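Student: Join these two chains into a complex; the hints should help.
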Amino acid sequence: MMAAGKPNGKYRTAILLAVWALGLFIFTLYSGLK
Amino acid sequence: MTDAAHAHGHDDHSHHAPPAGVMRWLTTTNHKDIGSLYLWFALIMLFTAGSMALLIRAELFQPGLQLTNPDFFNQLTTMHGLIMIFGVIMPAFSGFANWQVPLMLGAPDMAFPRMNNWAFWILPVAGVLLMGSFLLPGGAVAGGWTMYPPLFIQGGISYDLTILAVHIMGLSSIMGSINIITTILNMRAPGLTLMKMPLFCWTWLITAYLLIATMPVLAGAVTMLLTDRNFGTSFFNAAGGGDPVMFQHIFWFFAHPEVYILILPAFGIVSSIIPTFARKPLFGYASMVYATASIAILSFIVWAHHMFAVGMPAAAQLFFMFSTMLIAVPTGVKVFNWVATMWKGSMTFETPMLFAIAFVCLFTIGGFSGLVLAIAPVDIQLHDTYYVVAHFHYVLVSGALFSIFAGIYYWLPKWSGYMYDETLGKWHFWLSVIGMNIVFFPMHFLGLAGMPRRIPDYALQFTEFNQIATVGAFIFGFSQLIFLVVVLRAAKGGVKATDRVWEGAEGLEWTLPSPAPYHTFETAPVVK
Chain Z
1 MMAAGKPNGK YRTAILLAVW ALGLFIFTLY SGLK
Chain R
1001 MTDAAHAHGH DDHSHHAPPA GVMRWLTTTN HKDIGSLYLW FALIMLFTAG SMALLIRAEL
1061 FQPGLQLTNP DFFNQLTTMH GLIMIFGVIM PAFSGFANWQ VPLMLGAPDM AFPRMNNWAF
1121 WILPVAGVLL MGSFLLPGGA VAGGWTMYPP LFIQGGISYD LTILAVHIMG LSSIMGSINI
1181 ITTILNMRAP GLTLMKMPLF CWTWLITAYL LIATMPVLAG AVTMLLTDRN FGTSFFNAAG
1241 GGDPVMFQHI FWFFAHPEVY ILILPAFGIV SSIIPTFARK PLFGYASMVY ATASIAILSF
1301 IVWAHHMFAV GMPAAAQLFF MFSTMLIAVP TGVKVFNWVA TMWKGSMTFE TPMLFAIAFV
1361 CLFTIGGFSG LVLAIAPVDI QLHDTYYVVA HFHYVLVSGA LFSIFAGIYY WLPKWSGYMY
1421 DETLGKWHFW LSVIGMNIVF FPMHFLGLAG MPRRIPDYAL QFTEFNQIAT VGAFIFGFSQ
1481 LIFLVVVLRA AKGGVKATDR VWEGAEGLEW TLPSPAPYHT FETAPVVK
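Read top to bottom, the protein sequences are chains Z and R.
Residue numbers for the first sequence follow our numbering, so the first one is 1 and each next one is one higher.
Residue numbers for the second sequence follow our numbering, so the first one is 1001 and each next one is one higher.
These aren't lab readings, by the way, just hints derived from the structure by calculation.
Just so you know, these numbers come straight off a predicted model, no measurement behind them.
Warning: the hint list may mix true and false statements.
[Stated by the list, open to error] Covered stretches of chain R, going by a simulated chain Z footprint (3 or more residues, C-beta under 8 Å): (1) 1184 to 1194; (2) 1219 to 1230; (3) 1472 to 1483.
The C-beta atom is built at its ideal place from N, Cα and C for all residues, glycine as well.
So that you can see chain R by itself, here it is in the shape it has in the complex (with noise of 0.2 Å):
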């Protein structure tokens, strides 16, 4: 594909050495420093999160309240949400991104490094107001992650920091949408046409796009709930003539593309990964970029499937129940593609290959569930229940999760020049594949039966799929340890990768020494 063996840059003499310690990293304008940032940030907020999510499941191994009240429970399961959304699976791919789109797309960094940095260093003060508010007299916020009125309007303090950090953390979104939507159309190599692009780059073009379009009616919904707490306005507020249920159009107009939003680049590594451990092109490149962009365009229009409980005309169910189930189409496109491109390849099964194949495997699931979940009188019936509480674990966990850590098994050579223990990453794989399905598949047969979601106690009846989830919950959670060892060690030393690193692998990094220089294709590579 490329000619550019030699066109990587190297550690010339143009450039002055980066500022040692931590000035380096507060001032840097690097891609590669800035990429790691975002992916260190979403690595201590997984453990920030996952550490909640596991005290969630401690409190509910039996009925009863033994750990938590209801209103700490109400904040755990709220900012858990939050904090895996905004400070885990968007940052990390947003980590991705700034390491990899550059790299692959032959540009020597992303189109504004300045704002790059911007973008990245007001995360961390969107994280501490959320964690801090825990400290605030009332605690954290404990109205759920979809902020709905009038929960949102009648709280504490800590609801206005954490609208203040959901417009930060939006503001960061959208300066790294633009960077990257800037730099896929104005510096990629000569000859890189969009459509030879790596499916990556185009999975994140669109996902910058689908950012582009809903972070301002997100921070626009939120400054109306600002307004409603702050000055006596009644948007949401039914006393005032408000209408809470309009909160939540505005909101799923948002939130239904930014569940795409957090699959979108997992397509993207996924698709970068098989191909290499298949040692076959990719099945279908350009019906997986149609597929993408269909998926983008369709999660405009189906945002009400999340409010068939609200009530609404018969003909509105309709619309959004079948919008709902066209998505499926270009999503089937998709896992078929994966599957032929494994199709009789040369297949090896190295832990990212094994995070990718279980991502197929099991995002399929929740796909599966997702459209059961679309069929609106169903849907009625299973609202609030933990039959959802597992359809989007099973998108988010084994989903997007699973898409990150098979990305950093299969760039850290590159990135680190080092590479991982394999038997460890193997350890790891099982432990969390075994780990999450038997924390999540129980909750379907929960939720089947009715049990609520977001409540502390619950009947005796549903005890003993609780238990087990709770189990399975700590095994997922404690193996995560051994991601950490994983990387920690590979960042710091081991065997040295060579320049490809993986004998299927096909793209621009592969022709850049490992680790990749600090600043790379000075000048630009050709491709034909």
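So here's chain Z without its partners, still in its complex pose (with noise of 0.2 Å):
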């Protein structure tokens, strides 16, 4: 269905930048804590 460019890599690219969110979101809060 996808006819456009590379569909496959969606999911890597999309899971690379959430685990990069949360990762940033619980750095956060452990900077908090020092």
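Tutor: Written as structure tokens, this is what we have:
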């Protein structure tokens, strides 16, 4: 169905971004603890 | 640029028609529907927060307390700021991204349509939490949109609701950003390399990265506020060994890039419009891309210029002062390129172009007053005065909001299939540009004279400039009703728009019929 571009890479891109966002959130909390 | 005139999709038979009525909008996964939802939401919030601004200006028409009490006044300024930023400018740009990014890339939809639906529909929940807090005991939050402790630790239940609303809006932004980055990186039409993308896609790609890199930080900061308020922690509570200034550092690490989140998509819109009406390609495309990226990178190392008055070592003041001034270089490149695009162009001055030119002139004024405020010793004098209010309204009203108006007038014929009323559009433009300057220009003088911001009453010598500003505010505010009429009329009917709409328009979206069909680019176009 997805005709354009490289649709198979989209889940990898999205997961990397989501992991980054979650990691940054946890790191911010961790920074506050110190 | 493209060979895609025949490559668009049609309302073909491989798709069911969307459900009728409210279910269409609740369950839609179509990027055009979701784009429209974002834009309507932003418009409703614009009138909501705009009404608050008019109440603020009415109170400030003369010294003394006329219409509000100090606490309610603080609630109005806080909610006006929060709603305009998170409920108007950001959703409006998300609306543009949803409509335009797939059309500009030749993609059939966003990468994750269901997540797209969620990203929008949690927003009204946040809006209800924010607005509903006016009805709670103690009223809405009154500690300023910056949410600084100790005020934000001490307030009532509405402060918890606001923290929840900020979490929801942040989650919405992160989901939207993941969608936009993934769509741009993975779903461009064959042949459409990154350096061939329309600049609007570039600015949104960089904006989405900024959102991903800062929204989790804001989420962390407000989570710590929440635990300080409800679970006995002392992250920011000095009485328990915490540090309120740490909140300011964390908050501005988010909020300065946020300023560019609010303006980079505006750069993209204006960079689409000016070449069309100058009938010339954008001058210095590559330098525009690099300038956008430079602004984004620099935005991470300037945050403490918001905190000069807190007190910091001279070396830190110098660092944040000069790094802030450095942002003028890539921004100057952009302004130069817009002017160079217009230079010797066959210019015409339809409403989108008028708003785009006003953007270039007036945003630059906001940029210059930003340079003034970057000077640490000057900032210590002007901190929390009306000079700052003038500065950021030139950036966000004549900058971000004017670009949104420009973009709506520019792409609405493609979206609805009907031309807007050019005469009413010009009335809207001239009343807005005159009204806006009458409101905000005198605020520079008020700030230089020492009038503090966020006060409902003021000393007698500030009266005249405040009265001028209030008259301007009502001109500006009521002229937005013309915009409402123009949009409603062009959404319903009128003169049919041609497919290309504008003589000088270039790009994949203009190869589609007007209005753009419900499903587009199911077969990818080939870009040469």
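Student: Go check the segment 1219 to 1230 of chain R versus chain Z for me, would you? Three or more residues, Cβ under 8 Å, otherwise it fails.
Tutor: holds (count 5)
Student: Tell me whether the statement that chain Z covers the segment 1184 to 1194 of chain R is true, taking a Cβ distance below 8 Å and needing three residues at minimum.
Tutor: Coverage by chain Z holds here, the residue count being 6 at a Cβ distance below 8 Å.
Student: Three residues minimum, CB to CB under 8 Å: does the segment 1472 to 1483 of chain R make the cut for coverage by chain Z? Let me know.
Tutor: That given contact is violated, which follows from only 0 residues of the segment 1472 to 1483 of chain R lying within Cβ reach (below 8 Å) of chain Z.
Of the numbered hints given earlier, the model fails hint 3 alone.
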